[in-house]
Amino acid sequence: MSRRARPGVSTGVIAACAFAVVVSPGVGLHDAGELGTAAQVLGVPHPTGFPLDMLLLRAATYLPLGSLAFRQNLWIACVSAAALGLIAALGFEVWGRSRERDTPGRSPVIATWAGVACALAFGTWETFLGTGLFVEVYSTALALGLLGAWVFARQGVRAGPTLGLLVGLSTGAHVTAGLFLSPLWLYCLVRRARDGRPGARVAPVVAALVTVAFGALLIAYLPLAARRGPPLDWGDPRTLERLWEHLTADRIRRSYAAKMFVESGKETAALFSQLSELWPLLPAAALGAILGLRRRATAVATTVVLAALALDLTYASFVNPMGIVDRQDGHFSGAWLTLLAAGGVVGLASLGKLGRVAAGALAALTLGAALVFVAPRSLHAVQTGWGPGELYGSGGPLVALPPRAVALCSSDNQCAAGFFALHAEGMRPDLGFAPAQHLWEPTIRAALTPPPSGASLHLDVRPATNDARGALVRATERELLRWEGRWRPVLWDDPPALGPAPPAGSPQAQGLPSLPAGPSAWPPWATFRDPVPTSRAIATLDGAYAAREDDATYPEVAVAWSRAYGAVGKRAFARGDAAGAVAAFERSVARAPDRPIGWTNLGAALAAVGRLDSAIDATTRAAMMDPSRAVAWTNLVRYLAAAGRLDDARRALGAAARAGVHDSALDALRRELDAARAPDERDQAAPAATPN
1299 MSRRARPGVS
1309 TGVIAACAFA
1319 VVVSPGVGLH
1329 DAGELGTAAQ
1339 VLGVPHPTGF
1349 PLDMLLLRAA
1359 TYLPLGSLAF
1369 RQNLWIACVS
1379 AAALGLIAAL
1389 GFEVWGRSRE
1399 RDTPGRSPVI
1409 ATWAGVACAL
1419 AFGTWETFLG
1429 TGLFVEVYST
1439 ALALGLLGAW
1449 VFARQGVRAG
1459 PTLGLLVGLS
1469 TGAHVTAGLF
1479 LSPLWLYCLV
1489 RRARDGRPGA
1499 RVAPVVAALV
1509 TVAFGALLIA
1519 YLPLAARRGP
1529 PLDWGDPRTL
1539 ERLWEHLTAD
1549 RIRRSYAAKM
1559 FVESGKETAA
1569 LFSQLSELWP
1579 LLPAAALGAI
1589 LGLRRRATAV
1599 ATTVVLAALA
1609 LDLTYASFVN
1619 PMGIVDRQDG
1629 HFSGAWLTLL
1639 AAGGVVGLAS
1649 LGKLGRVAAG
1659 ALAALTLGAA
1669 LVFVAPRSLH
1679 AVQTGWGPGE
1689 LYGSGGPLVA
1699 LPPRAVALCS
1709 SDNQCAAGFF
1719 ALHAEGMRPD
1729 LGFAPAQHLW
1739 EPTIRAALTP
1749 PPSGASLHLD
1759 VRPATNDARG
1769 ALVRATEREL
1779 LRWEGRWRPV
1789 LWDDPPALGP
1799 APPAGSPQAQ
1809 GLPSLPAGPS
1819 AWPPWATFRD
1829 PVPTSRAIAT
1839 LDGAYAARED
1849 DATYPEVAVA
1859 WSRAYGAVGK
1869 RAFARGDAAG
1879 AVAAFERSVA
1889 RAPDRPIGWT
1899 NLGAALAAVG
1909 RLDSAIDATT
1919 RAAMMDPSRA
1929 VAWTNLVRYL
1939 AAAGRLDDAR
1949 RALGAAARAG
1959 VHDSALDALR
1969 RELDAARAPD
1979 ERDQAAPAAT
1989 PN
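Under the working numbering, think of the first position of the sequence shown as 1299, with each following residue one higher.
Treat each hint with caution, since some may be false.
Now the in silico label distances, taken between C-beta atoms and shown as ranges [what the hints assert, rightly or not]:
1) M1725 with R1525: 39 to 45 Å
2) G1908 with A1963: 55 to 61 Å
3) A1966 with S1926: 18 to 24 Å
4) G1364 with R1492: 40 to 46 Å
5) A1491 with Y1360: 42 to 48 Å
6) A1957 with Y1360: 19 to 25 Å
Worth flagging that the hints you see were computed from the coordinates, not collected in a lab. From the three backbone atoms N, C-alpha and C, an ideal C-beta is built for every residue, glycine too.
Hey, can you work out the whole structure from these sequences and the hints?
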């Protein structure tokens, strides 16, 4: 292996092996299910369409390894590892080769280890891992941009044609790739046109333009895919007008116009807070910026890196501030900081023998601190989102849907997971599935069976008004409720809270606090007609759990199974099947005993079947696990009062107050308990009252 290839290949192999071990086993949250589905069915995902990602992910599904979701996730993990390898290789090209004259035979070695250590440290960052271990589009864009930077570092202005090809390909990736590559390509184009001989200026410019056009042929995927009528066809970009709207994210720009190009200190502060998680790299990065600007050999490279860093920070703060909270920004910023950190280590090594020792120590400390302090926290944060998207959206509620039901989802996680289960994995093909907020799109309505017409509503506009959307939702429900002369169930993932009226003789009728109406969170699916029995839904989950029990020992997977059982339990509770809810919630807490919401829900179900003592025990456990949750204290006080343990109920109120929980429901319970005191108790307590 050549010396120039060693840092990139070494880093990429190490990262690929590590990521293969910790890659997400199932469908991730947010956009992962939607992107994976669109790739599998060769459809059109949300703007800007990402045709490069769609084709690569579709090719990855032919890997004979694991489930469909795992294959796609493994591909993204490999792309993420390649991005880390490119950072290390770029660090060698920029910093190592520039110092070969100063310290022959030494700086390249230091540059190799500096690039490897800093790149691997960057690989522990939550923002990078959060989009690099399951299906997302940011790792591909980052790798594409870093590949362009590496080519430019090796070839200089002669890299115009290659950069042109990458710029063309970037039209099929996330916009951040083109945001960096386009200025670099234009610089090469201008320099070649200005510096070449008069007769030789045209050829490189034409070559660069041709390669851009060749790479941009990827865009043709979008109208070709739309013409096939796939299950996922956002925006229906068949015409030039709609294709332009999709590529320029017209819908997103309209929806978030109030947030874009407006300085927001809150989002910017959140971005810098996320970047501060790279604290092991920041001292070396600061040193790299200072030393790089002071030395003639590295001043230009350092200036370019700092300019690229400023460009990405500007994009995140003003163009896409709404993506900061979900860690969809900052990938390039983190990569440029990592490159500066590698430069800081190499610059320190050029200060003499003592400097080389210090450089080695700095590289080791940087990587060690990242592995010890940053990696565990990042992995834990990322892994909590694994599995729930698949199991909570499909393995849980979808198995409980009645035959031929139509599910109208509203949350991104539920919609994406449902799309993947139905269209990518082929689960429950009898179901109709659509996002309620996009029913105004004809392509979305066409995916339902039978497709509601909506013709009289004139909703084929972009975007529809809120009133028009509401009218279409109501019309869609009416049309879908009758299909082939039979009632067809329509389900929603965000129903209003339901609660039965307190029966006669209940504690409320006796002047005491009533039992809570239901679990702390309401069911993600409220079935209106022909519900599948709870026992069958639980049996389905039990069978799936038994088949995958080996994987269920991992915390993130255990939480996913807990949520899946919990979804069935909440649905059963909403239907009045308290016994079925108890069975589901008992399995939920058995899968993940550390989830306080599971114990809260189990307590509500136990109370509904009259097992107050068990309900008190379960809810007490929830309150002790998370004292800040008001619903656990509220339910606990109600159960204690219903059991006649008024003194214990008052003590629970005091414990909630000491925990800093302030809630109007607790205040109302306190007043009810005070009113329920015996007259002599009130008389004895009166002198102790604090005077005004």
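- Item | Violating hint indices (sorted, rising) | Violated hints (numbers, rising): 1, 2, 4, 6; every other hint is consistent with the structure.
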